[in-house]
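Enquirer: Residue numbers (the UniProt record's numbering), protein chains in the order written: chain G, 1 to 235; chain V, 1 to 235; chain Z, 1 to 235; chain B, 1 to 235.
The set of hints was computed from the structure by calculation and includes no laboratory data.
Since the structure is predicted, the reported quantities are computational estimates derived from the model, not experimental observations.
Any given hint might turn out to be false.
Because identical chains cannot be distinguished in the list, a pair is counted as satisfied if it fits within a single copy or across any two copies.
[Stated by the list, open to error] SDA-like, lysine to any residue: derived pairs with alpha carbons at most 25 Å apart:
1) Lys-184 / Gly-56
2) Lys-181 / Asp-48
3) Lys-181 / Ser-35
4) Lys-81 / Ala-216
5) Lys-184 / Val-33
6) Lys-184 / Gly-138
7) Lys-184 / His-29
8) Lys-184 / Leu-209
9) Lys-184 / Ala-216
10) Lys-184 / Arg-121
11) Lys-181 / Arg-121
12) Lys-184 / Gly-206
13) Lys-184 / Asn-66
14) Lys-181 / His-4
15) Lys-81 / Thr-162
16) Lys-81 / His-164
17) Lys-184 / Gln-214
18) Lys-81 / Gly-207
19) Lys-181 / Leu-209
20) Lys-184 / Ser-35
21) Lys-184 / Ala-86
22) Lys-184 / Tyr-59
Number of protein chains: 4
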Amino acid sequence: MTDHDIAAIEEAVAELRQQVSDLHSELTHYNLVVSTGGNVSGRVPGRDLFVIKPSGVSYDDLAPDNMVVCDLDGNVIPGTKGSQRAPSSDTAAHAYVYRHMPEVGGVVHTHSDYAAAWAARREPIPCVITAMADEFGGPIPVGPFAIIGDDSIGRGIVETLTGHRSRAVLMANHGPFTIGKDAKDAVKAAVMCEDVARTVHIARQGGELVPIPQEAIDSLFDRYQNVYGQPKKEQ
Amino acid sequence: MTDHDIAAIEEAVAELRQQVSDLHSELTHYNLVVSTGGNVSGRVPGRDLFVIKPSGVSYDDLAPDNMVVCDLDGNVIPGTKGSQRAPSSDTAAHAYVYRHMPEVGGVVHTHSDYAAAWAARREPIPCVITAMADEFGGPIPVGPFAIIGDDSIGRGIVETLTGHRSRAVLMANHGPFTIGKDAKDAVKAAVMCEDVARTVHIARQGGELVPIPQEAIDSLFDRYQNVYGQPKKEQ
Amino acid sequence: MTDHDIAAIEEAVAELRQQVSDLHSELTHYNLVVSTGGNVSGRVPGRDLFVIKPSGVSYDDLAPDNMVVCDLDGNVIPGTKGSQRAPSSDTAAHAYVYRHMPEVGGVVHTHSDYAAAWAARREPIPCVITAMADEFGGPIPVGPFAIIGDDSIGRGIVETLTGHRSRAVLMANHGPFTIGKDAKDAVKAAVMCEDVARTVHIARQGGELVPIPQEAIDSLFDRYQNVYGQPKKEQ
Amino acid sequence: MTDHDIAAIEEAVAELRQQVSDLHSELTHYNLVVSTGGNVSGRVPGRDLFVIKPSGVSYDDLAPDNMVVCDLDGNVIPGTKGSQRAPSSDTAAHAYVYRHMPEVGGVVHTHSDYAAAWAARREPIPCVITAMADEFGGPIPVGPFAIIGDDSIGRGIVETLTGHRSRAVLMANHGPFTIGKDAKDAVKAAVMCEDVARTVHIARQGGELVPIPQEAIDSLFDRYQNVYGQPKKEQ
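Given these sequences and hints, build the entire structure.
Expert: This is how it looks when you write it as C-alpha cells:
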C-alpha cells in the first residue's frame with residue numbers, strides 16, 4: 001500500500017477513531033468492564049474496514065491514535081496509526097459480524113456481570129419490562145458455546161442475531177455481544193442489555209414474574225424504533 | 001401567540017427551566033437512569049403549563065434552554081425555547097397527572113432497577129422500615145399495565161395515587177412514577193422509592209420480614225409530614 | 001447566656017464543627033445515605049455539649065457553621081452558630097447516648113441498605129468473617145422497635161450496647177446506630193457495619209455459613225483493639 | 001547499616017514505592033476495600049526486600065514516602081523512609097509468600113465483598129465463565145482458616161497456591177489473597193477475583209450453572225497466558 005493509500009485511509013477513519021476511543025468511556029462509566037476487558041468497534045463508512053480497541057491496553061491509555069484499523073478479515077492495515085499494536089483479541093468475531101451483516105455499523109463486547117450471569121446458565125432473559133420490549137423487542141437470546149481461536153464466536157453471533165429483533169446476544173458461558181447501526185448504537189445496546197439483565201434477575205429473585213402480552217411487546221418495539229427521540233433530520 | 005406572549009411565558013418559566021434541568025442530575029447521581037431514559041417535569045406556578053425533558057437527549061446535553069414547555073394537554077408551546085424538540089415520550093402521562101391532580105407540582109419517571117423489579121412482579125412494596133413509613137406512609141402501590149400511546153398510563157397513575165398516602169406508584173411491568181408538591185419533591189420521592197425498593201428486596205431475600213404496627217406507621221407518617229426538617233418559613 | 005459564654009463555646013467547638021461537618025462526606029462516599037437522611041454527632045471534649053447535623057439539610061449544603069450545638073438533653077444552645085436551625089430529628093437519641101454512656105464521643109445513624117435489611121427482619125448479623133471479629137468482636141445485635149418522639153430509641157441503643165463489644169446496633173425495622181470513642185470512630189463503625197452486613201448477606205444467599213470458633217473471635221478482637229494501626233503516640 | 005547502604009536501598013526502591021503507592025488506588029476504584037482495609041506489596045527486584053502499605057493509614061494519605069520497606073522476614077529496614085511506621089498488619093503473610101515463592105513479585109490482600117462471601121462459606125468459586133478460565137485457569141481455591149499472629153496465613157497461601165493455576169486464594173472466613181509476577185499483576189488478579197466472585201454468585205442465585213468443558217478451560221488458559229495483549233518486547 002502506498003503512502004497515499006494510507007493517508008486516504010487515515011482521513012476516512014479520523015472521526016471514527018475519536019468516536020470509538022471515546023465510546024469506551026461509556027463502558028467504564030456504567031461499570032460494564034474491569035481491567036482491560038471489553039471492546040468497541042465501528043465500521044468505516046464506505047470502506048471494507050473497521051476501527052477497534054487494541055488488545056490488553058488499559059482504559060486510561062486509550063486514545064484515537066492507538067485504535068487499530070482492520071480489514072473485514074480482521075487483518076491490521078500496515079502503516080496506519082496503531083498498526084504496531086495487536087488489535088483486540090476479539091477482532092476475529094467483530095470482523096466476522098461485519099463480513100456477514102452489512103447493516104451492522106458497530107459491535108461491542110463486554111463481560112458485564114448480570115448479562116454474564118445469565119450467560120453462565122445459558123438462559124435467555126425473558127421480556128418482562130417495557131424498556132426491554134422497547135429496546136430489544138422481546139427476550140435476549142443465548143448464543144452457542146464457542147471459544148476464541150477461529151470463527152466460531154463470530155458465527156454464533158451472526159446465526160443468533162440474523163433475523164432477530166434483539167441487538168444483543170449472550171454467548172454461552174462468556175458474555176454479551178451487541179450490534180448496532182453504528183458504534184454508538186451498539187454501546188447503547190450493551191448498556192441496556194446489562195440494565196435489563198440486572199432488573200430481570202432482581203425481579204425473579206423476589207418471586208414469579210408477570211409476562212407482558214406479546215401484542216404489547218410488538219407495539220412497544222414498533223413505536224420505539226420509529227417514533228422515539230428527536231425527528232431524524234434535526235439530530 | 002404573539003412575541004409578547006412568548007416573552008411572558010419565558011419569563012415565567014426561566015427559573016423552572018433551570019431547576020428541572022438541574023434536577024435530572026439527581027437521577028444520574030443515584031443511578032436511577034441509564035442512557036437517555038427517565039424524565040422530570042415541573043408545573044409552572046400560576047399557569048396551565050409545565051416544563052419537561054426533551055425526548056432521547058443524553059443527560060450530559062441537558063440545559064435549561066432545551067427543556068420543553070407544554071400545556072396541560074401535552075402540546076408544545078410553539079415559539080418557546082426548546083419547542084423545535086420533541087418533549088419526553090412520557091409527556092402525555094405527565095400532562096394527564098397535572099390536569100387531574102391540581103395539588104401536584106412535579107412528576108418524575110424512571111426505570112430504576114429495584115423499583116422496576118417489583119413492578120415486573122406487579123407486587124407492592126410492603127412497609128417494613130421506618131424510612132418508608134416516614135416518606136410514603138405505608139406500602140408503595142402497583143398501578144395497572146398500560147402502554148404508551150394514549151392516556152392509559154396517566155390515568156393509571158392518577159387512579160392509583162388519588163387519595164393514597166404514597167407519592168410513588170409502580171406501573172406494572174414498567175417502572176415507578178412519582179409525584180410531589182414540586183419537581184424537587186417528586187425527585188426526592190423517586191430517590192427514596194428506589195432506596196426502599198432495594199432495602200426491602202434485600203431484606204426479604206434473607207428471610208421473613210417483621211411488619212411495622214399500623215399505628216406506628218401512622219404516627220411516623222404524620223410526624224414526617226408535619227415536623228421534619230427546618231421550620232417552613234425560614235427555608 | 002452572655003456573649004462571653006457563647007464565644008467560649010464557639011471556641012471550644014470550632015474544630016469539632018469542622019470535623020463533624022466533614023465526616024458526613026464519608027456517609028455519602030460509601031453510599032450509606034440518600035437525600036437528607038443520616039447524621040453524625042460528636043461530643044465536645046470537657047463540656048456537656050455535642051455538635052450534630054441540622055435537620056433536613058442536603059449533604060452538599062453542610063458546613064461547619066450550620067452544625068448545631070446541643071446540651072446533653074438535646075436542647076439547642078441559643079446564640080451559637082446554627083442555632084436558628086432545627087437539629088437532626090434524631091437528636092434526642094444522640095443526647096440520650098451521650099448522657100448515659102460517658103465513654104462515647106461520637107454517634108452515627110444511617111439507613112444503609114444492607115444493615116437496614118437485617119433490621120427489617122430483626123435479625124442479628126452473625127460473625128463469620130474475620131474483619132467482623134476485628135471490628136465488632138462478634139455478632140452485631142438488634143435493638144428494640146422504637147419510634148421517634150421520646151427517649152425510647154436512645155434507651156434501646158444504650159440498653160443494647162452497654163457491656164457489648166459491638167459499637168453498632170440494628171434498631172428494629174429502622175437501621176443502624178453506631179458509637180465510637182469520637183465521631184471519626186463512630187463513622188468507621190457505620191462504614192464497617194454496612195460492609196459486613198452486605199458481605200454476610202451475600203454469603204448466606206449462597207448457602208451455609210461456616211462459623212468462626214469463639215476463641216478465634218476473641219483473639220482477633222483483642223489484637224485489633226490493642227495492636228492494629230500505628231503506635232498511638234505518633235498518630 | 002550505614003547511610004550508604006540506606007541510600008542504595010532507597011535508590012533501588014524509589015520506583016517501586018511510587019508504583020505500590022499508586023496501585024492502592026485500584027483497590028478503591030473497584031470498591032475492593034473500605035476504610036483502611038486491604039494492602040498491596042511488591043518485591044524489590046534483585047534484593048531480598050519488599051515494599052508494603054503502612055498499617056491503619058487512610059487511602060487518601062498514602063504516598064510513596066510512607067510505604068514501608070521490609071526484609072523477607074517482615075522486619076522493617078531501619079533508617080529507610082516510612083520506617084517509623086508499622087507496616088501492614090498482614091506483613092508476615094506477605095513476607096512468607098516472598099520467602100517461599102521466588103517467582104512471586106507482588107501480593108495483594110482485600111476483604112472484597114463477593115470473594116469474602118465465598119470465603120465465609122469456605123467454598124471454591126467454580127469456573128463457569130470464560131474470563132475466569134482465561135485469568136485463573138479453573139476454580140479459585142479456598143485456603144485454611146488461620147488467624148493473624150504467626151506464619152499460618154502465609155503458609156496457607158503458599159500451600160494452596162503452589163502448583164495451582166490460580167493466582168487467587170480465598171482464605172477461609174477471611175478474604176482473598178492474590179499473587180502475581182509483580183504488584184500490578186497481583187492487583188489485576190484481585191480485581192478479577194472479585195469480578196468473577198460476583199458474576200458467579202449472581203449466576204448461581206438464578207439457577208443451575210452450566211460447566212465449561214475442561215479442555216476448553218485448558219485451551220483458554222493457555223492462550224491467555226501466551227497470546228493475549230501486546231507482544232512482550234514492545235510493552
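Enquirer: Each hint needs a verdict: does it hold in this structure or not?
Expert: Here's how the hints hold up against the structure:
{"no.": "1", "hint": "Lys-184 / Gly-56", "result": "both (22 Å within a copy, 14 Å between copies)"}
{"no.": "2", "hint": "Lys-181 / Asp-48", "result": "within (15 Å within a copy, 41 Å between copies)"}
{"no.": "3", "hint": "Lys-181 / Ser-35", "result": "between (27 Å within a copy, 17 Å between copies)"}
{"no.": "4", "hint": "Lys-81 / Ala-216", "result": "neither (49 Å within a copy, 35 Å between copies)"}
{"no.": "5", "hint": "Lys-184 / Val-33", "result": "both (17 Å within a copy, 18 Å between copies)"}
{"no.": "6", "hint": "Lys-184 / Gly-138", "result": "within (21 Å within a copy, 35 Å between copies)"}
{"no.": "7", "hint": "Lys-184 / His-29", "result": "both (14 Å within a copy, 22 Å between copies)"}
{"no.": "8", "hint": "Lys-184 / Leu-209", "result": "neither (31 Å within a copy, 32 Å between copies)"}
{"no.": "9", "hint": "Lys-184 / Ala-216", "result": "neither (27 Å within a copy, 33 Å between copies)"}
{"no.": "10", "hint": "Lys-184 / Arg-121", "result": "neither (29 Å within a copy, 32 Å between copies)"}
{"no.": "11", "hint": "Lys-181 / Arg-121", "result": "neither (29 Å within a copy, 33 Å between copies)"}
{"no.": "12", "hint": "Lys-184 / Gly-206", "result": "neither (34 Å within a copy, 31 Å between copies)"}
{"no.": "13", "hint": "Lys-184 / Asn-66", "result": "both (19 Å within a copy, 22 Å between copies)"}
{"no.": "14", "hint": "Lys-181 / His-4", "result": "neither (30 Å within a copy, 44 Å between copies)"}
{"no.": "15", "hint": "Lys-81 / Thr-162", "result": "neither (33 Å within a copy, 43 Å between copies)"}
{"no.": "16", "hint": "Lys-81 / His-164", "result": "neither (36 Å within a copy, 40 Å between copies)"}
{"no.": "17", "hint": "Lys-184 / Gln-214", "result": "neither (29 Å within a copy, 37 Å between copies)"}
{"no.": "18", "hint": "Lys-81 / Gly-207", "result": "neither (53 Å within a copy, 47 Å between copies)"}
{"no.": "19", "hint": "Lys-181 / Leu-209", "result": "neither (32 Å within a copy, 33 Å between copies)"}
{"no.": "20", "hint": "Lys-184 / Ser-35", "result": "both (22 Å within a copy, 11 Å between copies)"}
{"no.": "21", "hint": "Lys-184 / Ala-86", "result": "both (23 Å within a copy, 21 Å between copies)"}
{"no.": "22", "hint": "Lys-184 / Tyr-59", "result": "both (17 Å within a copy, 15 Å between copies)"}
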